[in-house]
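> Kindly generate the complete structure, drawing on both the sequences and the hints.
Line by line, the protein sequences are chains B and A. Mind the numbering: the first sequence is residues 43 to 310 in this note's numbering, read in order. Mind the numbering: the second sequence is residues 2 to 330 in this note's numbering, read in order.
Source of the hints: derived by calculation from the structure; they are not laboratory data. Please note that a few of the clues may not be correct.
Stated by the list, open to error - Under the rule of at most 30 Å between Cα atoms (straight-line distance), these lysine-lysine pairs were calculated in the BS3-like manner: (1) A:Lys-188 - B:Lys-97; (2) B:Lys-299 - A:Lys-288; (3) A:Lys-114 - A:Lys-205; (4) A:Lys-29 - B:Lys-71; (5) B:Lys-284 - A:Lys-303.
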Amino acid sequence: MPLNIIVCIKQIIDPEIPASQFKIDPGTKRQVQGSHSLVISAYDQNAIEVAVQLKEKHGGKVTAISVGPATAVTALKSALSMGGDEAILVNDPLFGSQDQQGIAHVLAKTIQKVGGFDLILTGCVSGDWGDRAVPAFMSEELGVGFVSFVSRIESKDGQVVLRRVVEDGYELIEAKVPVLASIISDETNTPRYPKLKDIMAAGKKMIPVWKAGDLGLDPDRLGAGAARVAITDVYIPTKESKCEMIEGDTPEEQAVKLAARLRELKLI
Amino acid sequence: MPGTLVLATTENAGLTRNTLEVLAGGIKLKALLGEPVGAAILGRELSAHVPLLFAYGADQVYRAEHPLLERYQGDAYASVMHQICQRAQPSMVLLAGDSIGRELGPRLAHGLKAGFVADFVDFDLDAVSGQLQFTRQTYGGKAMAVVQPKAFPVVATAKLRTMEPPTKEEGQTGEEIRVEVTLEASKLKTRVLEKVQEEIAGVKLEDAKIVVSGGRGLRGPEGFKILEQLAQVLKGAVGASRAATDSGWVPPSWQVGQTGKSVSPDLYLAFGISGATQHVAGISGAKNIVAINTDPEAPIYKVAQLGVVGDWKAVATKLIESCKELTGR
Chain B
43 MPLNIIVCIK QIIDPEIPAS QFKIDPGTKR QVQGSHSLVI SAYDQNAIEV AVQLKEKHGG
103 KVTAISVGPA TAVTALKSAL SMGGDEAILV NDPLFGSQDQ QGIAHVLAKT IQKVGGFDLI
163 LTGCVSGDWG DRAVPAFMSE ELGVGFVSFV SRIESKDGQV VLRRVVEDGY ELIEAKVPVL
223 ASIISDETNT PRYPKLKDIM AAGKKMIPVW KAGDLGLDPD RLGAGAARVA ITDVYIPTKE
283 SKCEMIEGDT PEEQAVKLAA RLRELKLI
Chain A
2 MPGTLVLATT ENAGLTRNTL EVLAGGIKLK ALLGEPVGAA ILGRELSAHV PLLFAYGADQ
62 VYRAEHPLLE RYQGDAYASV MHQICQRAQP SMVLLAGDSI GRELGPRLAH GLKAGFVADF
122 VDFDLDAVSG QLQFTRQTYG GKAMAVVQPK AFPVVATAKL RTMEPPTKEE GQTGEEIRVE
182 VTLEASKLKT RVLEKVQEEI AGVKLEDAKI VVSGGRGLRG PEGFKILEQL AQVLKGAVGA
242 SRAATDSGWV PPSWQVGQTG KSVSPDLYLA FGISGATQHV AGISGAKNIV AINTDPEAPI
302 YKVAQLGVVG DWKAVATKLI ESCKELTGR
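This is the structure in structure tokens:
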């Protein structure tokens, strides 16, 4: 059965910049981008990979959507170059003060407008704020089944079986479509490197931009007043960490010294 | 009467350590606001757990029994927890930041039109306004955020291993409330077909006092055999970075980091781990971090207390020998 898949992605500032270059804007309480590059949040790339693999196996369509600034077009083009068919940017200054539940409302309304979906995939956690909550909120907004931390999906006759990674192993969960899953990485969903011709083709594709007014949003759910939590401060903790280096002419000598030092510190 | 409601979970016929941590959170809020601590426990046959919950400080226990609650199933748990919240009218619902709480918490918050706070490390009352506020790590642990709920109740998940379990007071009792559960299997949108549990050789990773971890620098699954030997000598557990689990060298359950486990051992030995943000987020609770890497510029040294620059394999192999001698094991 062909699968109509929607993948939600978020563009973030490269999370792997050195801590020394990480700054918070005291006014907006958000990270300062500076000269750092923008990337697709890591697990969202795994979600794209899962979607494209399912499409390759069963047929269907992959639509990438992102709620974010105009720059998020580059993230959506990456999704297209990895095998996505269509992409939609949802961009409106109104969304700047939404909390996570408010963003989930916007995403859910966007998904309803796209319509006809079997699977909705997201990354399991964003590389910036990282509270793992938006996918669950979206499933409630949409009234569809939800499974979190999914590494693999098998599809058969309108049913899907999802492998959910838990602390001591995994669960196999059966669900009827439509279902929403948040994706965690494993060796089967490592994001592919797009081919040059696919990057070129993606570059030429039109990406429509939807505004708040296009989505039929609930006005009570918009803006800072509707937020159910407020972020009152974001700060960089001061760390007094100094690393004591264990020197030695050979790794063996270092190991002996390390063991002695650990013993001295009563750690072993 | 409002108060905290915590979700209790069980394993091997006992309460999980995660449950004791959220109970500690409830007890802390009780100390701040004087509100009682309720515990919801869902399952099939729960009578043995009720006195334990009282002993660990619960004032009320909401006991919900049904065959469909035998193990965690998202829709069933969400529905019953919603029902219990409507009855208990808590001001705070506290869940562990594990695979259950992280999935259930936002779903519950949505249904209750509640604020949601994920993976807090602490909470207190704002010195000026007296408002309840939570502190949580963000940006992969590079920053801390203070979050104030605006809509009550607030649903919050506690980052694992940041709160100490409360002391057990035998004989303490409280009020037990039986919850009538009506669930129909046909209404559940998802169904657990099977759970595949991995065998754990020694101590559990999240509970270990010593964790020996390996990353991309190990260059393959074989290296983990050496780390397992070292862990055995140190009576510790073996962990891995995302690079190692994503390569399929070791199971995903070994992963330490933002998407893996949060660990807070006394000693964390990181072999061939560069220290990506997503990994470091999982070891912020470790009391002592030792980094062993060939790259002296690796970010792991920024968070480590002890560092060795050198070949991980040679260091690990010799370390096994030295530790055997020193510990007499």
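> Taking the hints in turn, state whether each one holds.
Status of the hints after comparison with the structure:
1. A:Lys-188 - B:Lys-97: 29 Å, holds
2. B:Lys-299 - A:Lys-288: 20 Å, holds
3. A:Lys-114 - A:Lys-205: 37 Å, violated
4. A:Lys-29 - B:Lys-71: Roughly 28 Å between the alpha carbons, so the hint for Lys-29 (chain A) and Lys-71 (chain B) holds.
5. B:Lys-284 - A:Lys-303: 7 Å, holds
Figure legend: structure checked against the earlier numbered hints; the only hint not met is number 3.
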